[in-house]
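Student: The primary structure of each chain is shown beneath.
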Amino acid sequence: MIRQNDRIKYIIIFIAFLALSALLAHAYLKNTDEETEYTRRVRHVVVNAYELELKMKELQNVYNSFVMGHPSYSKDDLDLAYAITHSKYETLMMGDTYDLIKPLKEGQVVALITTNFNTFLSLKPDIDEARVGDKNLTRIDDCIKDKLLPDIMGIVKATRIGTNWKSAAWEDATKESRLQMQFAMLGLLMLSIGLFSLLLLQVRATRDALIKAEQAKVTKAKFLTVAGHDLRQPLQASSLLLSTLQSQSQTPENARLFKGIHYSLDSITELLNGMLDISRLDADLLTVNREPIPVTALVNRMLDRYEEQALSKNLRLSLINPNDFYINSDQLLLERIISNLLSNAIRYTQKGKVQLIVSSEDNNVCITIRDSGPGISEDDLKLIFKEFVQLDSPSNEDHKGLGLGLSIVKRLCNLLGHELTVTSKPGIGSEFKISLPKASAAPIGLPNKARDQWSLVGVTIIVVEDNEDILSSFDLLLSTWGCKVVTASNMEEAIQLAEKLKNSHPDDDNDLLIISDYYLNKDYNGCDVIKKIQTIIARDLPAMVITAETDPERLEEIRQTGNSVFRKPLKPATLRVAIQRLLRQV
Amino acid sequence: MSIVVRILTCFAILVMSIMSANADILKAPEGKVILTITGNIKHTNAPGEARFDREMLEALGMVSIDTETYWTDGVQKFEGVPGKLLMEAVGVTEGKLQIHALDKYKAKVPVEDLIKHRATIMLKNMGEYLTVAKKGPLWLIYPIDDEQKLLKKQINSRSVWQIQTIEVL
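Line by line, the protein sequences give chains P and B. Residue numbering for the first sequence follows our numbering, beginning at 1 and increasing consecutively. Residue numbering for the second sequence follows our numbering, beginning at 1001 and increasing consecutively.
Worth flagging that the hints you see were computed from the coordinates, not collected in a lab. The beta carbon of each residue, even a glycine, is placed where N, CA and C say it ideally should be. Mixed in with the good hints, there may be bad ones.
Said to hold, decoys possible - Below, a list of computed lysine-lysine pairs in the DSSO-like style, where the Cα atoms sit at most 30 angstroms apart:
{"hint": "1", "chain 1": "P", "residue 1": "Lys-502", "chain 2": "P", "residue 2": "Lys-438"}
{"hint": "2", "chain 1": "P", "residue 1": "Lys-124", "chain 2": "B", "residue 2": "Lys-1124"}
{"hint": "3", "chain 1": "B", "residue 1": "Lys-1104", "chain 2": "P", "residue 2": "Lys-124"}
{"hint": "4", "chain 1": "P", "residue 1": "Lys-75", "chain 2": "B", "residue 2": "Lys-1116"}
{"hint": "5", "chain 1": "B", "residue 1": "Lys-1116", "chain 2": "P", "residue 2": "Lys-57"}
{"hint": "6", "chain 1": "P", "residue 1": "Lys-531", "chain 2": "P", "residue 2": "Lys-484"}
{"hint": "7", "chain 1": "B", "residue 1": "Lys-1106", "chain 2": "P", "residue 2": "Lys-124"}
{"hint": "8", "chain 1": "B", "residue 1": "Lys-1096", "chain 2": "P", "residue 2": "Lys-102"}
To be verified - Pair by pair, the computed Cβ-Cβ distance ranges are:
{"hint": "9", "chain 1": "P", "residue 1": "Leu-137", "chain 2": "B", "residue 2": "Asp-1053", "range": "57 to 63 angstroms"}
{"hint": "10", "chain 1": "P", "residue 1": "Asp-33", "chain 2": "B", "residue 2": "Thr-1165", "range": "54 to 60 angstroms"}
{"hint": "11", "chain 1": "P", "residue 1": "Leu-137", "chain 2": "B", "residue 2": "Lys-1152", "range": "41 to 47 angstroms"}
{"hint": "12", "chain 1": "P", "residue 1": "Asp-77", "chain 2": "B", "residue 2": "Glu-1058", "range": "32 to 38 angstroms"}
{"hint": "13", "chain 1": "B", "residue 1": "Lys-1027", "chain 2": "P", "residue 2": "Asp-141", "range": "42 to 48 angstroms"}
Stated by the list, open to error - One-sided and incomplete, this derived list gives chain B residues near chain P with beta-carbon spacing under 7 angstroms:
{"hint": "14", "residue": "Trp-1071"}
{"hint": "15", "residue": "Thr-1072"}
{"hint": "16", "residue": "Asp-1073"}
{"hint": "17", "residue": "Gly-1074"}
{"hint": "18", "residue": "Val-1075"}
{"hint": "19", "residue": "Lys-1077"}
{"hint": "20", "residue": "Asp-1103"}
{"hint": "21", "residue": "Tyr-1129"}
{"hint": "22", "residue": "Lys-1149"}
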């Protein structure tokens, strides 16, 4: 931003620039005029020097012819030729012409002309006395030929257009216009330097401001990440507690209330996630971890997550996935993209269906989310990827969010380099298609319909969690599903628990599972506890790590330990499916 | 026969006097001819020509002008016949002149220069008649002062010296 002070400075510089430019132009034109005039006068000198040579030769010719008795030449002709030659000397030795010749070769040219002229004058009596058959013929002819003409050739040579004139012109350099030109050019140069340094200062200030803004963004993102982590804990607890409460005391009368509270909790979670994602995208804090991802597992997980939501709106959520593909992408970020699109589709579709379609195109795998919602008009298509834009639709009055979803999708797709295309017909539905590169890894056989409602009755689950509220809500929820729950809030309790279990469960394979929070203590984390339990029981028990962590790098670290990772808040349905999957090893 | 010739001569004189009724008939030069005007002129004193000796020119009316030229040092006194008077003497009001000099130089000069810009045929410099050696006998000079509207470079090539013949184009 340019302050008032700066503006005045720039205006002054601009005016000075104009003034100096005008002076320069004026001086330049004047100098050009002067040079033209100088050149013209020089030409005049040169022409007259040649004239002198010519007339001298003529005089020689007339004299010789007359003395030898040529009938065409009279004494008058001889006198005239002499007088004309005399006038040529005069022209060179007077007025402007003389002024110009004077500085040539440090006066040598003038001296040469003067001597030559004096010799010429000494011939005057002989010319006056000349008559036919004059005895002086040879002497005068020789004088002209040997003395006058060679000198005149020297004069002609000295006055010819060339370096002599250039150096003479340079000697004349005290000219006003030249000084003005030099002054103006110097001024312009200094102004340019001044302007350049001013601009440099401005650029530096702008850069500092940008760096500050960038730092502020990063700080904001970090703050939001920490705040988000803390906000997830109570959210997770409320969600679990509510599910338990619902299973214990739901009646037809309060069913709508439960549904409403669930919905509100989901909304808060989603808003929180969206806000965190945007701030991280803004601050360029997201790192991309490309790896081969099995599509089938991914889309099944997505379907699990949104099945409940779709069912509650009486929408058919279906999956078309004819093949098993591996794609190259970042698992966490791709999940964010698909879940944003799916949740949008379900939110805006009032009746009909939402489809998740996997198809193959050349070297790409396309994941398409198609709905039978209200559709988007052509004008609106340009707006939907902007932040905080929500299209006006009577159907989503009570579903107001921040309008960040599609903006996040677009930015994540750009970050990952996936092509995102939208086609929509108002009244018929919309289709969002993400084009992903195929990975070279061979497809592995995964069951397609991995979502059967397996029973959890009789399964023993070890829950490690330092937060009492969450621990008790886990206990309640898992108990209602028929699980046998054992809880520990720290490493010591977990070790005790494990040793107790080792004795009571000698070799039952599929009914023991560990769920642990990641952040437990500053000395150890969930992964350490899981490893300890696994060592004690001496079996590779399936384990889940639940965390409010959002840093993709940290999540990847946890995943590297071989444990499944789930982000808080975890919804009951997701938790249930995850447990089933882990136990059946699918 | 001689009567017929006389009658014809008288008739010719009569016709000529009628033709130049509003101007003096140019008298014939008595001394050495120093200027010949040819071409498109109204008044002549020889077949198709107007010839002038020094006395005839001086009789047209002399003026004295102090001016500098590019070929002399400082301001100098020149005396001569205003070009305007010379043009009136031969009945020329417009057009162009081709001026020929003894040294074979020639230049085109608009009649306007003589009438408007005061170009003068000089005979004397510093009180003395111009010789051929001093760019005489006649030198066309443009007075250089505040009233002079012509540019230096225009004046330069038109200031013909050693004038011999003026051809009216």
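Student: Does each hint fit the structure? Answer for all of them.
Tutor: Here is what the structure says about each hint:
1. With a CA separation close to 44 angstroms, the supplied pair Lys-502/P and Lys-438/P exceeds the 30 angstroms bound.
2. In summary, the hint linking Lys-124/P to Lys-1124/B is supported, as the alpha carbons are separated by about 23 angstroms, within the 30 angstroms threshold.
3. A hinted pair counts as satisfied when its Cα atoms are at most 30 angstroms apart, and Lys-1104/B with Lys-124/P qualifies at roughly 23 angstroms.
4. Straight-line distance between C-alpha atoms of Lys-75/P and Lys-1116/B comes to about 41 angstroms, which puts the hinted pair past the 30 angstroms bound.
5. A hinted pair counts as satisfied when its Cα atoms are at most 30 angstroms apart, and Lys-1116/B with Lys-57/P does not qualify at roughly 40 angstroms.
6. Between Lys-531/P and Lys-484/P the CA atoms are separated by roughly 21 angstroms; this keeps the pair inside 30 angstroms, and the hint holds.
7. Taking the CA atoms of Lys-1106/B and Lys-124/P, the gap is about 28 angstroms. The hint holds against a cut of 30 angstroms.
8. In summary, the hint linking Lys-1096/B to Lys-102/P is not supported, as the alpha carbons are separated by about 37 angstroms, beyond the 30 angstroms threshold.
9. At roughly 35 angstroms, the beta-carbon separation of Leu-137/P and Asp-1053/B lies outside the given 57 to 63 angstroms, and the hint is violated.
10. For the hinted restraint 54 to 60 angstroms between Asp-33/P and Thr-1165/B, the CB-CB distance of approximately 35 angstroms leaves it violated.
11. Distance hint for Leu-137/P and Lys-1152/B: a CB-CB separation of about 45 angstroms, consistent with the stated range 41 to 47 angstroms.
12. With their beta carbons about 27 angstroms apart, Asp-77/P and Glu-1058/B fall outside the hinted range of 32 to 38 angstroms.
13. Restraint check, Lys-1027/B to Asp-141/P: a C-beta distance of roughly 45 angstroms satisfies the suggested window 42 to 48 angstroms.
14. At a threshold of 7 angstroms, the smallest CB-CB gap from Trp-1071/B to chain P is about 4 angstroms, leaving the interface hint in force.
15. Given hint, Thr-1072/B at the interface with chain P, holds; its Cβ is 5 angstroms from that chain's nearest Cβ, closer than 7 angstroms.
16. Contact between Asp-1073/B and chain P, as hinted, is supported at the beta carbon level, the nearest pair being about 6 angstroms apart and thus within 7 angstroms.
17. Violation of the interface hint for Gly-1074/B is found here, the shortest Cβ-Cβ separation to chain P being roughly 9 angstroms, above the 7 angstroms cut-off.
18. Given the 7 angstroms rule on beta carbons, the hint for Val-1075/B is violated: about 12 angstroms separates it from the nearest Cβ of chain P.
19. At its closest, the beta carbon of Lys-1077/B sits 16 angstroms from a beta carbon of chain P; the interface hint therefore is violated under the 7 angstroms criterion.
20. Given hint, Asp-1103/B at the interface with chain P, holds; its Cβ is 5 angstroms from that chain's nearest Cβ, closer than 7 angstroms.
21. The interface hint given for Tyr-1129/B is broken, as the beta carbon of that residue sits about 13 angstroms from the closest beta carbon of chain P, more than 7 angstroms.
22. The interface hint given for Lys-1149/B is violated, since its Cβ lies 18 angstroms from the closest Cβ of chain P, which is over the 7 angstroms cut-off.
Going down the numbered hints, you'll see the structure goes against 1, 4, 5, 8, 9, 10, 12, 17, 18, 19, 21 and 22, while the others check out.
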